[in-house]
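Protein chains in written order, with my numbering: chain A, 1 to 494; chain B, 1 to 367.
Hints in this document: simulated from the structure, not taken from any laboratory. Each residue gets a CB set at the ideal place from its N, CA and C atoms; glycine is no exception. Worth double-checking, as some hints may not be accurate.
Covered stretches of chain A (in silico footprint by chain B; criterion: 3 or more residues with CB under 8 Å from a CB of chain B, positions within the stretch not fixed) [stated by the list, open to error]:
| no. | stretch |
| --- | --- |
| 1 | 171 to 184 |
| 2 | 204 to 217 |
| 3 | 368 to 377 |
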Amino acid sequence: MSLQSKTASRTTALGPSVGEVVERFELEKAWLVDPVSGREGPGEIVVTDGVLESVVWLEGEEASGVTDKGVVVAPGFFDLHAHFREPGFEDAETVATGAAAAAHGGYTTVAMMPNTSPALDEPGVLERIRSAARASGSPVEVLAYGAVSADRAGEQLSAMGELADAGVIGYSDDGAPVRTAKLLRSALLYAGMLGLPVVEHAEDLELTASAEANEGYVASILGLAGWPTAGEVNAVSRDLAVLADALRDEPRARLHLTHLSTTASLDLVRRAKAAGLPVTCDVTPHHLALADEWIAGARRWSWEALGPDGTSRDPWADEALTAWPYDTSLRVNPPLRTPVDAAACLAALLDGTASAVVTDHAPHTVVDKEVEFGMASNGISGIETALGVLIALVDSCRLPLARAIAALTTAPAAIVAGWPALAATAAARKRGLTEGAPADLVVFDRADRWTVTEESLRSKGKNSPFIGRELSGRVLLTIAGGRLAYEDPKGGDE
Amino acid sequence: MNVETEPAAVGRTAGSARTQEVAWHHRHLLDVDVVTWPEIELIMRTTDEMKGVLARPIRKVPALNGRRVTTLFYEASTRTRVSFETAARNLSADVVSVATATSSVTKGESLVDTIRTLEALGAEILVMRHSVSGAPYLAAEIFGGHVLNGGDGWHAHPTQALLDLYTMRQHLAGGDLRGRKVAIVGDILHSRVARSNIWSLTAAGADLWLCGPATLLRGMDRWATAWDGGAIPGHGRFHVTSDVDAAVRDADVVMALRIQRERMQGGLLPSLREYAARFGLNAERVSLAKPEAIVMHPGPMNEGIEIAPDVATSGRAVITEQVANGVAVRMALLYLLAGAHEAAGGHEAAHEAVHVREAARAPEAIR
Ligand SMILES: [Zn+2]
């Protein structure tokens, strides 16, 4: 197996197919990023029989010409939040297509949300997912959360203990918040007893009933029902208050707030962490890089929509509306916010308030998306574009490359390491370029731009706002647990 | 061209010295936001011609003879539908009327499937009314002909805004709205009429005031202040207030919007009685406006709530004129849209000639 790319160095390996052990793979003169040691620079790697046999850092003459703008080697990515839709919605995604999409995005470990049908609220559903993962032949590791409530109905607890025994990594009613503060309190206590977290989708459903887009300037002009900032802030305050309460009875209670999207809710988490509450949170690529003005037809990065005084620019005044409005691939929950909120997501990522980036990969069928904006299902198919979006941030000099890689690797692993029952498990293992460990890595070409098309996406969900657009950072190779997960078809021997 | 059978050469005759030659090149009319001021004036002139047709003993011209106009109404509105269908028939178009019910809960046949079916059945111009904001944009993406928005959700009602503008120009000296004060009072938040009027009236240079209770104005202040200083080319600022007297005082035009009973169940209003007392257009309030001010309402009216019966029937009220002008404006738009199709030589050419926002729709942006 050898990789060809515009900037790449010579590479050689044997040519296995997906799922097979990588017997031999060598990469010379690439830019290595090891977020565990914190080191990055020119180097070479050798994989033998699925093991990362050697990692050599180059210096002096040998390193000349190797920059962080070309081929990059990083540990395999870890997504704490994805929707693979199986069982129940296999026309939108299956575990097999989800895993293939993940590998194409550079991911080697993915945690699935339990809003399947039936919901993952008892061990039998987890067994179905696991057998689908085995049958897929993909080496991408598929982890799963169990539901907090039976059938995600928000009334009584799911089979939490049995689910823990079966191996879920936490509990979530994602797609919706845990319905009541009372049930959340029970869930935090019971999950805490089991050493597992509750992962919350923070939303005050009364404030957001029938909402279509972020409440603000864009929604006002487009006549879309507003999803107010208070809808998230209110839910986060509830969750933090309940966590503080639960901790008095169960010190192992843990709360993880996923896909936070507003300046104010991130501030609440920042203060709660400073006060010592065991709370963590994450942000998504789309809330970092896109803003609500995309729904009106703007197609610029969120940071390009910020004025010099740090306020949001006006896409109408800027004549920045270049695409057709009301594109349903932009309907997502929480909604795309203002450029100021996007900047707050980045600030939270940089200061560690939200250390991890998750994709909230939410594939949908054409039937669910080719409808009126207000009737479209929420979600973005994003696991294959997450790297490209972060590279755009890196290219804009707002996010160091090593921090972007850490947000996709060591940061999610560190969050999992904070969940008592998982501290010593593989999911919490440090994701570095460690000699002698099974090879778990991604090789991508930061300079190589690729066009996102329906055909290029391995996911069944073509609901990506990037369709037809170019992203930097083509993934050339993904190796998961020593086995081949993805190889760029452009590579390979002549 | 036969003057007896065609409206006068619209957009093809040289205008007066002050009006520049302008051709209609929009394939669809989805909102007035992308329509330039010269194009609005073209619509106004074309409406004048249509008024001429309507003044004849036989109110019919063969301009759209053999052309197929389909009205697709997902929301019941007899008056708007009849207005469009009358307009189309006055132009000798074949009219197909489709009424259907939909909601976000009960999904029947999808909009996309319905439009493909109507196109296969020969629809050329689709007049669409829908309860979801933005729905006509989806229709325009997939429909091979022309889409004329008959009102979508809270978003836009361009033919209403244009008939309002036409009616105002008829009554204001010189037909010029520059500096004229227009007050729109009512449920601004949920109003597609208000949103389309913001675009057209600010473009006309009017001193626009939007007024209603704070719960029904939510978010509009951001829009008004974003345009402070006329940041958007061709558009000036407007005012947002809950002070109805300030809005109406010295106004040249006062427009009331319909208040729906659902707003009380939604917790947005204490009662219709309180609304009528604080925001209803009664004789005393209207007397604050200029003596020659006109009173408008897009209908249907709740007399005694947003407008007092004596105001609605007073000499100032031009509400029935709005209805009559509605037919003429819709005739003008059907005529212009159908002509855009012909002049540009079919769908493909028309597609290339559309406004920047339409032209910007690269194939990859079509989802
Ligand atoms: Zn969620």
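Numbers of unmet hints, in rising order
1
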